[in-house]
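Once you've looked at the hints, dock chain F against the given chain W.
For the protein sequence lines, the chains are W and F, in the order given. End of the first sequence = 217 in the numbering used here, gap-free, step of one. End of the second sequence = 666 in the numbering used here, gap-free, step of one.
One should not assume that every hint holds.
Stated by the list, open to error - As a list, the in silico DSS-like pairs of lysine-lysine whose alpha-carbon atoms are at most 25 Å apart:
| hint | chain 1 | residue 1 | chain 2 | residue 2 |
| --- | --- | --- | --- | --- |
| 1 | F | K222 | F | K207 |
| 2 | F | K189 | F | K222 |
| 3 | F | K180 | F | K415 |
| 4 | F | K180 | W | K32 |
| 5 | W | K26 | F | K180 |
| 6 | F | K581 | F | K415 |
If you're looking for bench data, these hints aren't it; they were derived computationally from the structure.
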Amino acid sequence: MTSRNRMQSVMWTGSVVVATALSLVLMLQVKAVNSEIAETEKAIVATKQQIASLETEFQTRSRQQQLVRWNEVDFGYVAPRADQFLDGRAELASLGKQVEIIDAQPVRMAVADAQGEDRGEVATRAAAPVRMASAEPASAPALKGEAEKPAIRLAQAETKAPAMMRQLVATDARIRPAQVGPKAAAKSEARFAAQPTAKPAVSAKPAASKSPAAPKSFAERFDLDSVIAEGKR
Amino acid sequence: MASIPLGTAQGLSGPGPAHRIARQAPPPAPARRADLRATTLKLARTRVALIAFAFALATAILVLRVAMIGIFGSASAFTPGGNALLPDRGTIVDRNGMPLARDFKSYALWFNPKAMEGGPPLTRSPEEVARKLVEIFPDMNEAELAKRLASGKGQYLRRRILPEEANRVFRIGEPALSPPAEPSRYYPEGNLAAHVLGYVGADGKGRVGMEQVFDDQLTDAGTRGSEQVLAIDARVQAALEDELLRGMGLSQAKGAGGIVLDVDTGEVVALASLPSFDPNHIDEAGMKQMFNRVTNQVYELGSTFKPLTVAAAIDAGTITNLGRTWPTGAPLRIGGFAIKDSHSLGPSLNVPQILMHSSNIGTAQIADELGSARMKRTMERLGFNERPYIELPARGFPIWRSGEWPRITTMTVSFGHGIAVTPLHLASAYAAMVNGGIWRPSTLHKLAPNEVPKGRRVFKEATSARMRQMLRLIVTDGTGRKAEAPGFRIGGKTGSAEKPGAGGYKRTALVTTFASAFPMDNPRYVVVTMFDEPQGTAATSYQRTAAWNAAAAVGRIVPRIGPMLGVYPDENRDIDLSDMRPLIGNDGGHE
Chain W
-15 MTSRNRMQSV MWTGSVVVAT ALSLVLMLQV KAVNSEIAET EKAIVATKQQ
35 IASLETEFQT RSRQQQLVRW NEVDFGYVAP RADQFLDGRA ELASLGKQVE
85 IIDAQPVRMA VADAQGEDRG EVATRAAAPV RMASAEPASA PALKGEAEKP
135 AIRLAQAETK APAMMRQLVA TDARIRPAQV GPKAAAKSEA RFAAQPTAKP
185 AVSAKPAASK SPAAPKSFAE RFDLDSVIAE GKR
Chain F
76 MASIPLGTAQ GLSGPGPAHR IARQAPPPAP ARRADLRATT LKLARTRVAL
126 IAFAFALATA ILVLRVAMIG IFGSASAFTP GGNALLPDRG TIVDRNGMPL
176 ARDFKSYALW FNPKAMEGGP PLTRSPEEVA RKLVEIFPDM NEAELAKRLA
226 SGKGQYLRRR ILPEEANRVF RIGEPALSPP AEPSRYYPEG NLAAHVLGYV
276 GADGKGRVGM EQVFDDQLTD AGTRGSEQVL AIDARVQAAL EDELLRGMGL
326 SQAKGAGGIV LDVDTGEVVA LASLPSFDPN HIDEAGMKQM FNRVTNQVYE
376 LGSTFKPLTV AAAIDAGTIT NLGRTWPTGA PLRIGGFAIK DSHSLGPSLN
426 VPQILMHSSN IGTAQIADEL GSARMKRTME RLGFNERPYI ELPARGFPIW
476 RSGEWPRITT MTVSFGHGIA VTPLHLASAY AAMVNGGIWR PSTLHKLAPN
526 EVPKGRRVFK EATSARMRQM LRLIVTDGTG RKAEAPGFRI GGKTGSAEKP
576 GAGGYKRTAL VTTFASAFPM DNPRYVVVTM FDEPQGTAAT SYQRTAAWNA
626 AAAVGRIVPR IGPMLGVYPD ENRDIDLSDM RPLIGNDGGH E
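Bound-form chain W, shown alone (with noise of 0.2 Å):
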C-alpha cells in the first residue's frame, strides 16, 4: 500500500467520522429541541388543567345558590324597580340635577323676527329669556333635560297655526297631556302637578306689550288667543 493510497483512506475514514459526529451533533440538537416544545406543551397542558380547576374551584364558590345566600345575609340587594332604569339619553342627561321649575317668564320669539337684526337685538335684550322653546331646552319652562319631548310635541300642535306660534304653544305644559297619548301624559301630569304657576302660554303678553321696540308683536301677527283656548281645551 502505498503512502499516497493511506493518505486517502485515512482522509476518507476522517471525513466519515466528522460527517457522523455533526449529524450526532445535529440529531442530539433535534432532540434536545423536540424534548423542549414537548417539555414546554406539558407545562401549557398542566397550566391549562390548573386554569380550568381553579375556574371551577372559583364558579363553585361563588355558585348562584351561595351568592343568594351571602346577599341575604349580608348584602340584601332586591332586584331594581322600574324607577331606577332610565329610557333613553335625555333622561340620562338629566340624571342626577335637580328639577328646577322655571317661573313663567316673559317668552317673546326674539330670533323669530325677520325685520333687521337691530330690533331683534332690541327685543332680545328687552326679554332677555326669551329663546326658542325646542333649540335651548334649559330655558324653556319645562323640566330641565326634557330636551327631545318639545319636537315631538310640536308636531302635535295646532296645525292652524303659523310655525312660530306651534313653538310658543309648545312651551306650554298644559297642552301636553291632551295632545300626547295616554301614556306620555300620565307621566308628565304627575310632574306638572306639582308646579301649578307654569302658565308659560298667558305669560307672552305681558312679553309683547313690555318690548315696544318689536315692530309686530305677537299679538298683532296672530290671533294668541285662540290658541291659548285651543290649549285650555
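Below, chain F alone, put in the same frame as chain W:
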C-alpha cells in the same frame, strides 16, 4: 483488520492447500510470492471498499434522517399534549357559556399497601398515621381509620378531598397514602338545574337529564372536545329555584315546579322541579327526588285552562261580543253532574269577568257553545294529546280522552278537569296564546335565529291580542293580583285544582298553578309556577289557593329575571286595557 496479518500465508489462505504447501516448502518460489502478493492486495482493496461503502451508507442514512426531521417536522418525534386537554366527557354549558357540568380531576384518598414494594405498608404505626389523618379530616373516626390501615387492604379512605388537603396528606410522608387525581364528573353549581342536567352513573353513562340525552356526543372522541350548549340561563334558573323554594317554605308545600319559556322560540330558559337532588352526591334520598314534576308528572291544572277555552271560542267565532253575559247564579246541571263555582259570583258575568273571577259555570257554558269537536281540536293543536316536546327522557303522557268527547267532558276540560297535562304542556300552550297564536315545540337546545321552528298556528293574531288584554286584566283586577310586579306588565291566570284521590277529589290537597307571560304589551317569556299541596300558613294568610303561593312566586320571580332577560320595568308602559275597563266596572277579583 489489524487481526489479519497481511503478507503471511497462514493469515490469508486459511487451512487450505496453501497451508500444506507452506509446510511442505517453507520458502515459496519468487513467482509464487508475487502472485500471492497481488491476491492479498486485491483482497485488501475489496475489504476497504466494502468498509467505505458501509460507512457511506450509514452517513447517507444519517443525512437522510436529518433531512427527514428537517422536512417533515417533528410529527413522529413526539406526541404533543393536545389530547391531554381533551376531557373524558364533554362539558355542558348554559346559554351564556357558564359550565354546568364538566370533567374535573379530583383527588381521592386511596390507601395503597403495595406502595412500599414488599415491606410493611406503612413506615409508622397505623395509629400514628390515623391520628395525623384525623388532624386533616376532623370528621373521620381515628380508631376505625387505624383498623382500616392495619388491615393492609387497598381501599378508598375518602372519595373526594380538596387539593390543599391532598397536599397535607402528601406531607405526612407515607408512600401508601399518595392521593391520585382521578377524573370525575363535577357540577360546579351543585343542585342547580339538576333535573335538566341529570348525572353520570358509576358505569360512566349519563342518567336522567341531558347527560343521558347527550351521552354519545359527550363521550365520542370526535365531539367531546366541543361544548354542549343548553337553552338554560343559569342565573334565571337560580332565581326561579330560589323563589320556588321560598314559596315552598312559606306555604309548606310538598313540592314545586317552574318553567321560564321563550314565547317566540320555545327555548326553555329555566326549568325547575323541587325538591331537587345533588348530582355531585347521588344517594338514596337524591334518587327519590329524580322524578321531574314539570315534564313527567301530569296534573289536572284547573282554572289555567279557562283562558285557552275562551281563546278557542273567540277564535272560532262563538264569542263575538266580550260584553255578552252568561248566567252564573246557579250550579250548572248536566246529566247527574253539577258544575259549581267556589263561591257565588253573582247572577251573570261577561267574558272578562268570567276569567277574572275564574267562574267554572261561565267557562263551561262557553265551551258548550263552542262544541266538543272544536274544543278537542284546539286542545290537540296545543299538543295536549301527546307527550311534551322536550329532549329530556322523562316525559309524561297526558290523561287524554280519545274519541268523540261527550258534552260533560268538553265542559270539564274547559276549566281544566278531566284532562291532565304536564306544566310544560301548559307553558307551551300559553306561549302560543300570547305570541300571536303560533305553537312551537319546547327545547333545551339553544337555538340560533335560523333554527327556530316554524311552528303551527293555533290562534289568530287578533285572538292572541284579546287574550293578552284579558290575562293582564286578571293580574290588574282579578285573581292574579298577587303576581303584579310594578313595571313588568305581567298577565296570567291562577289555577287551584283539587288532587284526585281515593273516592273523588281531596278538598285539602291542591295543585296550585299560575301560568303567566310578561311583558303583556309584547310578550317575551312565559313563566309557569306550580305548587304541590301547599298549606294555608301565616305567611299565606291561611290561604292555600294559587293566588297566595303560585301567583305570589311569579310576582317575585319576574322582577329578578326580567332585567337578566332584557325586559326592563317601565311604569309608563302597559297594554291598552281601555276597551276592557267598561266591561268590568269596578269589579274586584276573588280567588
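Hint by hint, here is what the structure shows:
no., hint, in the structure
1, F/K222 / F/K207, "14 Å, holds"
2, F/K189 / F/K222, "17 Å, holds"
3, F/K180 / F/K415, "61 Å, violated"
4, F/K180 / W/K32, "12 Å, holds"
5, W/K26 / F/K180, "16 Å, holds"
6, F/K581 / F/K415, "16 Å, holds"
Violation of the numbered hints given earlier is confined to hint 3; every other hint is satisfied by the structure.
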